[in-house]
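Student: Chains as they are written, first to last, in the numbering used here: chain A, 31 to 348; chain B, 96 to 408.
Hints were generated in silico from the structure; no laboratory data involved. Certain hints may be false.
Stated by the list, open to error - Covered stretches of chain B, going by a simulated chain A footprint (3 or more residues, C-beta under 8 Å):
| id | stretch |
| --- | --- |
| 1 | 152-166 |
| 2 | 269-280 |
| 3 | 284-296 |
| 4 | 325-337 |
| 5 | 346-360 |
To be verified - Beyond 12 Å from chain A on every Cβ pair, some chain B residues (computed):
| id | residue |
| --- | --- |
| 6 | Arg104 |
| 7 | Arg109 |
| 8 | Ile111 |
| 9 | Thr130 |
| 10 | Arg179 |
| 11 | Arg182 |
| 12 | Leu185 |
| 13 | Asn198 |
| 14 | Arg200 |
| 15 | Val216 |
| 16 | Gly376 |
| 17 | Ala388 |
Note that the structure is predicted; figures quoted are calculated from it, not measured. Think of the CB as a built atom: it goes at the ideal place given N, C-alpha and C, for glycine as much as any other residue.
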Amino acid sequence: MSLLEIEGLEVTFGQGEGRVAAVRGASFSLARGETHCIVGESGCGKSVTSLAIMGLLARGATRQAKRMEFDGRDISRLTEREMSRLRGHRIAMIFQEPMTSLNPAYTIGSQMAEVRTRHLGGTKQAALDRAAELLGRVGITAPGMRLGQFPHQLSGGLRQRVMIAMALMNDPELLIADEPTTALDVTIQAQILRLLAQLQAELGLGLLLITHDLGVVARVAHRVSVMYAGEVVENAATADLFAAPRHPYTRGLLECLPIPGKVAPGAPLGSIPGMVPKLTPGFTGCGFRSRCSLARAECAAPVALRGAPHLYRCVVDA
Amino acid sequence: MSTPAIEIRDLEKRFIVKQGLFGTPRHVRAVDGVTLSIPTGATLGIVGESGCGKSTLARLILGLLPASAGSVLVEGQDLSRLDRRARARLIQPVFQDPFSSLNPRRSIGDIVAMPLVAQGVAGRETRSRVAEMLEQVGISPDMASRYPAQLSGGQRQRIAIARALVLRPRILLCDEPTSALDVSVQSQILNLLADLRRSLNLTTIFISHNLAVVEHIADTVAVMYLGRIVEEAQAQALFATPRHPYTRALLASVLTPEPGLGVPDVGLGDVLPDPSNIPPGCRFHPRCPVAIARCSLQTPPRVDGAECHLLSA
Ligand SMILES: Nc1ncnc2c1ncn2[C@@H]1O[C@H](COP(=O)(O)OP(=O)(O)OP(=O)(O)O)[C@@H](O)[C@H]1O
Ligand SMILES: Nc1ncnc2c1ncn2[C@@H]1O[C@H](COP(=O)(O)OP(=O)(O)O)[C@@H](O)[C@H]1O
Ligand code: SF4
Ligand code: SF4
Ligand SMILES: [Mg+2]
Ligand SMILES: [Mg+2]
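Modelling step: build the complete structure from the supplied sequences, incorporating the hints.
Tutor: Next comes the structure, spelled out in structure tokens:
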């Protein structure tokens with residue numbers, strides 16, 4: 031049974047004329063011990079999707095879904111209190127910018143300990159011991175000293191490690207990480223991703239990793255969902271997606287990359303003409319049609335995902 | 096041999112940073128002895144981790160910052176002796192963020208015309224040169240009356256490039272020009288830069304932390320670490336056979352979109368470089384996975400463009 035099951039997720043912001051559809055149909059599932067990546071360009075709805083799952087959408091957002099289950103339980107109708115219990119305990123989240131989720135006024139140790147005592151109880155000392163252990167696990171040398179430091183005394187890479195350790199304080203089953211390495215150097219990114227992949231495998235976590243970087247996807251994901259203009263347009267096992275992308279957008283995207291060994295230095299790169307459409311109220315159909323060389327009349331009506339297990343949302347056979 | 100487009104010698108930039116009211120001032124050695132030469136028409140890529148001094152070096156080359164020591168010659172002329180207008184005709188920058196680098200209250204036509212106006216070019220000639228330049232970067236001249244807020248990120252970066260090239264400078268310095276852009280837009284800008292470079296015979300400096308992009312676009316590559324260029328080589332040679340241990344770690348950490356390879360162990364530990372506290376000997380030694388005893392004591396000599404004790408016999 032899957033750990034997380036999302037079907038037909040829709041999120042809109044605003045009301046009346048100003049309404050925009052940020053997510054128009056996100057469907058995917060995630061098993062225990064699996065890493066699932068959501069990939070797409072900025073604004074396509076990745077972060078909104080993760081916030082919708084966590085029940086953390088901004089006020090004024092409307093969320094609908096055909097199915098939203100965590101460990102077999104419908105989470106679309108939980109009260110704020112129930113959801114908050116789940117978030118603190120069984121589901122954890124890591125954001126792109128660790129400074130926004132760390133409180134500058136408290137030490138690393140007291141913030142980490144608080145997370146545990148608030149949700150699981152126990153003594154502060156026990157929680158601090160656990161924090162030190164986890165800081166060691168995420169490759170931080172001298173964890174005892176770090177516990178007494180404040181967030182601004184740490185480098186970006188160390189803060190992100192602290193965030194990972196903090197997310198693991200309550201032994202979650204599902205970890206949602208939204209661009210956890212985007213702000214970091216490639217060297218630090220590789221270290222953090224390697225760590226995440228190791229922890230994920232050892233602890234049997236379900237990991238939902240959001241990124242715009244196809245290199246990251248290729249190296250860590252078991253399965254991947256490609257989002258475009260609020261929809262999941264392709265969902266496949268990672269190797270299949272890269273070997274034979276089925277959606278015209280995914281194909282176009284892969285051709286834009288300067289891949290050493292595949293694209294000769296200096297040779298022109300592929301490109302996708304045009305721009306992402308504005309998702310005004312009433313926008314339906316394939317969001318890629320204004321840029322797609324295969325577009326035809328049917329593309330303006332809603333297009334279904336098909337072709338399981340390598341799903342794609344396109345009227346043209348791949 | 097003809098004069099190189101850019102000749103940099105023993106360039107240094109130190110900043111003094113005060114910590115708090117009573118803290119002792121720290122000396123940040125942002126650029127610490129850089130020597131470089133870029134032949135006319137070539138593209139030099141500069142790579143390195145955040146804070147290693149890339150943008151500081153860029154600002155020194157542009158003449159936007161005074162050097163603490165050393166010299167920058169652009170087309171044989173000492174930049175610090177040229178006035179702003181003369182500098183602007185020689186070298187122009189394109190920066191990372193197309194959102195903050197364009198004045199939101201000016202139309203894009205005005206933005207591209209500004210360097211011409213500053214040089215005293217007027218009236219009809221300005222308009223026709225702006226229109227021609229917009230066309231060259233793939234923006235329809237009809238759009239000249241629009242404002243930056245009405246453009247996408249990629250379009251804004253095209254405007255920034257048009258503004259940089261409208262004076263027909265000899266050298267274009269791009270500091271992370273595509274880092275804020277999506278990949279489908281990045282590829283358009285890289286293609287545009289490659290075309291313009293060829294058609295205008297530009298010398299280009301291309302700073303990026305994206306090594307795949309640098310490998311794609313550069314003729315030679317300089318790898319910076321804590322203010323120094325620790326390795327410099329032809330792009331193909333550098334990517335095929337990196338010689339400096341830091342270059343090797345940097346290349347190892349690139350996640351190419353090849354499934355099944357997993358995430359490599361970069362082996363750099365968690366000690367981070369601090370330009371206000373540069374380690375003695377080889378500045379990379381606290382992170383170097385193959386350091387030997389000598390490394391923490393003696394500065395490595397530069398041999399064939401790389402600074403590492405293991406490379407000198
Ligand atoms: N005006 C300044 N005053 C004090 N320190 C500075 C100043 N400008 C840069 N520095 C310091 O100099 C060092 C080099 O900075 P620089 O901006 O050149 O790095 P970079 O390689 O461009 O990094 P990034 O990849 O993050 O853009 C850093 O430690 C930085 O904090
Ligand atoms: N609080 C909000 N109010 C209105 N629109 C929002 C809000 N948050 C996100 N959006 C819009 O929803 C779309 C998807 O955003 P997001 O999920 O953040 O994209 P990304 O894929 O880059 O993470 C974008 O068009 C964004 O502008
Ligand atoms: S549904 Fe139509 S517009 Fe969309 S990707 Fe397929 S062919 Fe192109
Ligand atoms: S000189 Fe020593 S520490 Fe420096 S890179 Fe070479 S082996 Fe490593
Ligand atoms: Mg986001
Ligand atoms: Mg910089």
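Student: Determine for every hint whether it applies to the structure shown.
Tutor: Hint-by-hint comparison with the structure:
Check result for the stretch 152-166 of chain B against chain A: violated, 0 residues qualifying (beta carbon to beta carbon below 8 Å, three or more required). Only when three residues or more bring their CB closer than 8 Å to a CB of chain A does the claim for the stretch 269-280 of chain B stand; here the count is 3, and the claim holds. For the stretch 284-296 of chain B, the stated coverage by chain A is satisfied: 3 residues place a CB nearer than 8 Å to a CB of that chain, which reaches the threshold of 3. Counting residues of the stretch 325-337 of chain B whose beta-carbon sits less than 8 Å from any beta-carbon of chain A gives 3, enough to reach three: the coverage restraint holds.
With a cut-off of 8 Å between beta carbons, the stretch 346-360 of chain B has 14 residues touching chain A; three or more are needed, and the interface restraint holds. Annotated as non-interface, B/Arg104 keeps its C-beta farther than 12 Å from every C-beta of chain A; the closest such distance is 29 Å. The claim that B/Arg109 lies off the interface holds: its Cβ sits roughly 22 Å from the closest Cβ of chain A, which is beyond the 12 Å cut-off. For B/Ile111, the non-interface assignment is confirmed: its Cβ lies about 21 Å from the closest Cβ of chain A, beyond the 12 Å cut-off.
Here B/Thr130 stays apart from chain A, with its beta-carbon at least about 25 Å from theirs, past the 12 Å limit. The beta carbon of B/Arg179 sits about 33 Å from the closest Cβ of chain A, which is more than 12 Å, so the claim that it is off the interface holds. For B/Arg182, the shortest C-beta to C-beta distance to chain A comes to about 29 Å, beyond the 12 Å cut-off, and the non-interface label holds. Consistency note on B/Leu185: stated as away from chain A, and its beta-carbon is indeed over 12 Å from all of that chain's, at 25 Å minimum.
For B/Asn198, the condition that its CB be more than 12 Å from all CB atoms of chain A holds, with the nearest at approximately 23 Å. For B/Arg200, the non-interface assignment is confirmed: its Cβ lies about 24 Å from the closest Cβ of chain A, beyond the 12 Å cut-off. A cut-off of 12 Å between C-beta atoms confirms that B/Val216 is not in contact with chain A; the least separation is 33 Å. Listed as a non-interface residue, B/Gly376 keeps its Cβ farther than 12 Å from every Cβ of chain A; the least gap is roughly 21 Å.
Every CB of chain A lies more than 12 Å from the CB of B/Ala388, the least distance being 22 Å, so the non-interface label holds.
In summary, the structure is inconsistent with hint 1 from the numbered list given earlier, while agreeing with all the others.
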